[in-house]
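J.: Numbering of the sequence shown is given in the working numbering, commencing with residue 1 and proceeding in unit increments.
Don't read these hints as lab results, they were simulated from the structure.
Note that CB positions come from ideal geometry on N, CA and C, so glycine has one too.
Heads up, some of the hints might be wrong.
Said to hold, decoys possible - No more than 30 Å apart at the CA atoms, straight line, and that leaves these computed lysine-lysine pairs for DSS-like:
1. Lys-57 - Lys-164
2. Lys-57 - Lys-86
3. Lys-86 - Lys-65
4. Lys-65 - Lys-154
5. Lys-57 - Lys-154
6. Lys-65 - Lys-164
7. Lys-154 - Lys-86
8. Lys-154 - Lys-164
Claimed, not checked - For each label pair, taking beta carbons as the anchor points, the in silico distance ranges come out as:
9. Val-48 - Ala-89: 12 to 22 Å
10. Leu-101 - Asp-75: 23 to 33 Å
11. Thr-172 - Gly-28: 36 to 46 Å
12. Glu-114 - Ser-74: 34 to 44 Å
13. Glu-49 - Asp-132: 20 to 30 Å
14. Ser-140 - Glu-49: 45 to 55 Å
15. Pro-103 - Asp-141: 19 to 29 Å
16. Gly-206 - Tyr-137: 24 to 34 Å
17. Ala-168 - Leu-101: 22 to 32 Å
18. Gly-193 - Asp-150: 20 to 30 Å
19. Gly-170 - Ser-93: 36 to 46 Å
20. Gly-28 - Phe-71: 52 to 62 Å
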Amino acid sequence: MIQNPHLQLDGIRAVLIDLDGTLVDTAGDFGVALNAMLADLGAEPVPVERLMTFVGKGTANLVRKTLAERFPESDIDALFERAQDKYEAVYTSINGENTALYPEVREGLAALREAGLPVACITNKQHRFAVDLLAHYGLSDQFDLVYGGDSWPKRKPDPMPLVKACEAFGVTPAQTVLVGDSGNDAQAARAAGCRSLTVPYGYNHGESIQTIDTDGIVASILGAARAILPKATSALAN
1 MIQNPHLQLD GIRAVLIDLD GTLVDTAGDF GVALNAMLAD LGAEPVPVER LMTFVGKGTA
61 NLVRKTLAER FPESDIDALF ERAQDKYEAV YTSINGENTA LYPEVREGLA ALREAGLPVA
121 CITNKQHRFA VDLLAHYGLS DQFDLVYGGD SWPKRKPDPM PLVKACEAFG VTPAQTVLVG
181 DSGNDAQAAR AAGCRSLTVP YGYNHGESIQ TIDTDGIVAS ILGAARAILP KATSALAN
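Modelling step: build the complete structure from the supplied sequences, incorporating the hints.
T.: The following block contains the structure:
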């Protein structure tokens, strides 16, 4: 499924892939950790479906948005440090336990690796959490590099991590495609000058994926690989 018959992916030499909502359904872990954080502060839990609309813009944003569901804005700054510490402690202890790999992720990553394309995981999740989650699923060796939301001064939707990945791979943004689940990903790709593909599952801040300015919608990571590989150029060829 590629919902753009005129999609141009000629000359792709590197692939960047988002993590939460693209490779792994992490809603369960977020729900457990964030609601444990609220319980520590004496607050009632927030439905996971609501919490997932906050995912994708880094830990600090996630914690603040969650606090705002149960506390007045005037209290959030005073509560923030304790809340974030609790969230991170719980998340560290459960990372991966309440998650699921999306269908065709392994097959898609294997196809990209077999084709010789360098692959990076670019996420706004903290680097240590991302590395541990990929290891939990035995996917560490499928990625040449992993950049988290704390790897660089700026995170998606800023293009910085994408540009840095292109530099690390020795390719131009125009030779690179980012696969993600949200407007955050597509916006970063546009700003960097990369192509973008979007999977129809995931979170996208609670909005329809039809609102995303993306080059194409693919059914899965394997679907993305199939769209990329017929016209891709292996970075190993030069």
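J.: Each of the hints needs a verdict: does it hold here or not?
T.: Checked hints:
Distance hint between Lys-57 and Lys-164 is fulfilled; the C-alpha atoms sit about 18 Å from each other, no more than 30 Å. Taken as a hint, the Lys-57 and Lys-86 pair is honoured in the structure, with Cα atoms around 19 Å apart against an allowance of 30 Å. Distance hint between Lys-86 and Lys-65 is fulfilled; the C-alpha atoms sit about 15 Å from each other, no more than 30 Å. For a cut-off of 30 Å, the pair hint linking Lys-65 to Lys-154 stands: about 19 Å separates their Cα positions.
For the given pair, Lys-57 sits about 11 Å from Lys-154 by alpha-carbon distance, which is consistent with the 30 Å threshold. At roughly 29 Å between alpha-carbon atoms, Lys-65 and Lys-164 fall within 30 Å of each other, so this suggested pair holds. Restraint check for Lys-154 and Lys-86: satisfied, since their Cα atoms lie roughly 24 Å apart, inside the 30 Å limit. This hinted pair checks out: Lys-154 and Lys-164 have alpha carbons roughly 11 Å apart, not beyond 30 Å.
Between Val-48 and Ala-89 the C-beta distance comes to about 19 Å, which sits within the given range of 12 to 22 Å. At roughly 38 Å, the beta carbons of Leu-101 and Asp-75 sit outside the given window of 23 to 33 Å. For the pair Thr-172 and Gly-28, the supplied restraint of 36 to 46 Å holds, since their beta-carbon distance comes to about 38 Å. Taking 34 to 44 Å as the suggested C-beta distance range, the pair Glu-114 and Ser-74 does not conform, at roughly 55 Å.
A beta carbon spacing of about 25 Å between Glu-49 and Asp-132 agrees with the range 20 to 30 Å that was offered as a hint. As the Cβ distance of Ser-140 to Glu-49 is approximately 30 Å, the hint placing it in 45 to 55 Å is violated. About 21 Å separates the C-beta atoms of Pro-103 and Asp-141, a value consistent with the hinted range of 19 to 29 Å. Distance hint check for Gly-206 and Tyr-137: the Cβ-Cβ separation is about 26 Å, which falls inside the suggested range of 24 to 34 Å.
Between Ala-168 and Leu-101 the C-beta distance comes to about 25 Å, which sits within the given range of 22 to 32 Å. Under the hint 20 to 30 Å, the C-beta atoms of Gly-193 and Asp-150, about 24 Å apart, fit the expected range. Roughly 39 Å separates the CB atoms of Gly-170 and Ser-93, a value that falls within the hinted 36 to 46 Å. The beta-carbon spacing between Gly-28 and Phe-71, approximately 24 Å, falls outside the hinted interval of 52 to 62 Å.
Hints 10, 12, 14 and 20 from the earlier list are contradicted by this structure; the remaining hints agree with it.
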